[in-house]
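Sequence lines, in order, name chains A and B. Under the numbering used here, the first residue of the first sequence carries the number 1, and numbering increases by one thereafter. Under the numbering used here, the first residue of the second sequence carries the number 1, and numbering increases by one thereafter.
Derived from the structure by calculation, the hints contain no laboratory data. Treat the hints loosely; a few may be bogus.
The list cannot tell twin chains apart, which means a pair is met if one copy fits it or any two copies do.
[As the list claims (entries may be wrong)] With a straight-line Cα cutoff of 16 Å, these simulated EDC-like cross-link-like pairs (lysine to aspartate or glutamate) come out:
no., residue 1, residue 2
1, Lys33, Glu57
2, Lys33, Asp63
3, Lys24, Asp72
4, Lys67, Glu32
5, Lys24, Glu46
6, Lys24, Asp43
Given next are the chains, with one letter for each unit.
There are 2 protein chains.
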Amino acid sequence: MIIVTGHMRIAPEVLDALRPDARKTIEATRAEKGCILYAWAEDLVEPGLIRIVERWEDWASLDAHGKAPHMDAWRALLADVEIMGREVIAHEAGEERGL
Amino acid sequence: MIIVTGHMRIAPEVLDALRPDARKTIEATRAEKGCILYAWAEDLVEPGLIRIVERWEDWASLDAHGKAPHMDAWRALLADVEIMGREVIAHEAGEERGL
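Pulled out of the complex, with its shape left as it was, chain A reads as follows (with noise of 0.2 Å):
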């Protein structure tokens, strides 16, 4: 499994306004071959602050995610978007341990 965290950030205003655009592809997403975890939120400290938490079956799904349609859609509408940070990063899943 491949589990991937990050953050996005933009301004709160901007993104109540992408909020529709962002249910849109995060339900798109939700529905591709490989995907298990696929969540944006928004920090409870820092407004406008968007945490990223995925997982997914391999990295083949993940390559594919971020070829798919709705991912070029999406990075189209940021490109007119003020990103004042951003970190994303996968790892590959070792040891597991519930908590």
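Fit chain B to the given chain A structure using the hints.
Then chain B, alone, in the frame of chain A:
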């Protein structure tokens, strides 16, 4: 590195009431030894659904976090809250790729 991902589902109005204590718990945790990233965030699609994302230096740091006094205080607070679902999993991080 250890990656923690998961969620906790509570009523949106309960989440709003918990925000000040959540902030305190998050800030205390970020000051812990071995904490690289610690965030709770409200799902963009489902209000009240808290997404959890954490990065820790090692299992020992994560274990120590579970025993921290501020986590006892947080759990005591949650004892009076209806949790409608919770799943939190820790994984040892293998191969890493930036996205």
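Results of checking the hints against the structure:
no.: 1; hint: Lys33 to Glu57; in the structure: within (9 Å within a copy, 31 Å between copies)
no.: 2; hint: Lys33 to Asp63; in the structure: within (11 Å within a copy, 34 Å between copies)
no.: 3; hint: Lys24 to Asp72; in the structure: within (13 Å within a copy, 39 Å between copies)
no.: 4; hint: Lys67 to Glu32; in the structure: within (11 Å within a copy, 39 Å between copies)
no.: 5; hint: Lys24 to Glu46; in the structure: between (24 Å within a copy, 13 Å between copies)
no.: 6; hint: Lys24 to Asp43; in the structure: between (20 Å within a copy, 14 Å between copies)
Violated hints: none; the structure is consistent with every hint.
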